[in-house]
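Heads up, the sequence shown is in this note's numbering, so the first residue is 2 and it goes up one at a time.
For the record, the hints were derived by calculation from the structure and aren't laboratory data.
Quantities reported herein were computed from a predicted structural model and do not represent experimental measurements.
Keep in mind that the hints are not guaranteed to be accurate.
Ranges between beta-carbon positions, derived for each pair [unchecked claim]:
(1) A154 with E53: 55 to 63 angstroms
(2) V281 with D67: 54 to 62 angstroms
(3) E19 with E208: 40 to 48 angstroms
(4) A261 with G283: 16 to 24 angstroms
(5) E19 with I64: 28 to 36 angstroms
(6) K41 with R100: 45 to 53 angstroms
(7) G12 with D144: 44 to 52 angstroms
(8) E209 with L177: 19 to 27 angstroms
(9) W51 with A154: 29 to 37 angstroms
(10) G55 with E208: 30 to 38 angstroms
(11) G55 with T287: 21 to 29 angstroms
C-beta atoms are modelled at their ideal positions from N, C-alpha and C, and glycine is treated no differently.
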Amino acid sequence: MDLAIDGGQTGLRLGLAERGRIKEIRELPGLSYAEGSPVKAVLERIGTGWGELGTVCLGLTTILDDADALAGHLLGIARRVLITTDVVTSHAGAFAGGRGVVLAAGTGAIALGVGDGIRQVDGWGYLYGDAGSGFWIGRRGLDAAYRGFDGRAEPGPLTERAQDVFGDLAGLPERLYLAPDAVARIARFAVQVLELAEDRTARAIAEEAARELAGTVAAAARCFAEGAAVPVAWTGRLLRDAGLRAGFEAELTRLLPRAALRPPAGDSLAGAALLAASAVPGHYQTMIRTAER
Numbered sequence: 002m003d004l005a006i007d008g009g010q011t012g013l014r015l016g017l018a019e020r021g022r023i024k025e026i027r028e029l030p031g032l033s034y035a036e037g038s039p040v041k042a043v044l045e046r047i048g049t050g051w052g053e054l055g056t057v058c059l060g061l062t063t064i065l066d067d068a069d070a071l072a073g074h075l076l077g078i079a080r081r082v083l084i085t086t087d088v089v090t091s092h093a094g095a096f097a098g099g100r101g102v103v104l105a106a107g108t109g110a111i112a113l114g115v116g117d118g119i120r121q122v123d124g125w126g127y128l129y130g131d132a133g134s135g136f137w138i139g140r141r142g143l144d145a146a147y148r149g150f151d152g153r154a155e156p157g158p159l160t161e162r163a164q165d166v167f168g169d170l171a172g173l174p175e176r177l178y179l180a181p182d183a184v185a186r187i188a189r190f191a192v193q194v195l196e197l198a199e200d201r202t203a204r205a206i207a208e209e210a211a212r213e214l215a216g217t218v219a220a221a222a223r224c225f226a227e228g229a230a231v232p233v234a235w236t237g238r239l240l241r242d243a244g245l246r247a248g249f250e251a252e253l254t255r256l257l258p259r260a261a262l263r264p265p266a267g268d269s270l271a272g273a274a275l276l277a278a279s280a281v282p283g284h285y286q287t288m289i290r291t292a293e294r
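Assemble the whole structure, with the sequences as input and the hints as a guide.
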């Protein structure tokens, strides 16, 4: 049996797999940059009681403080460990290891293109990247809410919704800035922004997010030869919103007419299981850290 891991900032999933197929899933809290050692956090969530494993494959959004230490610990329960980013496992799941561009859009946003070469676009984190992501939308929604709250703009639906979700906005900085899950909480506010799309300010945020996500995919598609059709799939919760998805698809068609949108064959957890069952990493060789007994 293998252990597939899809570790995001909002949630982490563990999947017990056999021959590339998930048999059992456990869902746990996501990984926070403010939590301390990411390696310790990952190991705590994995826990014990899995028995002897063949391969553990981890697709993580979090930057690890000591990947070698993580691999060393996991070799105590598995014969092989694969450590990579969640966009690699998302791509493997979406295209079953084949060619295409996948957009992983959730708390963060990143695209990976595998064509005549490999090209990663964005995924640089909440401080200066992840354009169009859940955090990106939530952050801009809160900015607009506070402008209405402190008088820089007329209060609107976003101010009212932020007060409903977060309570007293005057005291929110004290509660939010020191919270270990601050990034995830702000990202979750994206749902509220998208629900208020009839409001001009919220709609402008959603439209800009759609343009950013489409631009990320179009840039990743440069790994394909000029004129070639580009299979495109997306994963993550963000584009489940019909309005945002429609805006993204329209903008992508404008930027990249040769894009061929298709549903993903599987998600990031399925991709981690597929990679765990593979003897060699294929396209992803340079993006996976491998350790074996």
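Hints, one by one, checked against the model:
Taking the beta carbon of each, A154 and E53 are about 60 angstroms apart, inside 55 to 63 angstroms as hinted. The hint said 54 to 62 angstroms for the Cβ distance between V281 and D67, and at roughly 26 angstroms that hint is violated. Hint check: E19 to E208, Cβ distance near 44 angstroms, so the stated range 40 to 48 angstroms holds. Look at A261 against G283: about 21 angstroms separates their beta carbons, and that is inside 16 to 24 angstroms.
At roughly 31 angstroms, the beta-carbon separation of E19 and I64 lies within the given 28 to 36 angstroms, and the hint holds. For K41 and R100, the hinted distance range of 45 to 53 angstroms is not satisfied, since their beta carbons lie about 37 angstroms from each other. For G12 and D144, the hinted distance range of 44 to 52 angstroms is not satisfied, since their beta carbons lie about 25 angstroms from each other. Here the CB-CB span from E209 to L177 is close to 23 angstroms, well matched to the stated 19 to 27 angstroms.
With their beta carbons about 53 angstroms apart, W51 and A154 fall outside the hinted range of 29 to 37 angstroms. Take G55 and E208: their Cβ atoms lie about 47 angstroms apart, and the range 30 to 38 angstroms is violated. Between G55 and T287 the Cβ separation comes to about 23 angstroms, which falls inside the hinted range of 21 to 29 angstroms.
When held up to the earlier numbered hints, the structure conflicts with 2, 6, 7, 9 and 10 and fits the remainder.
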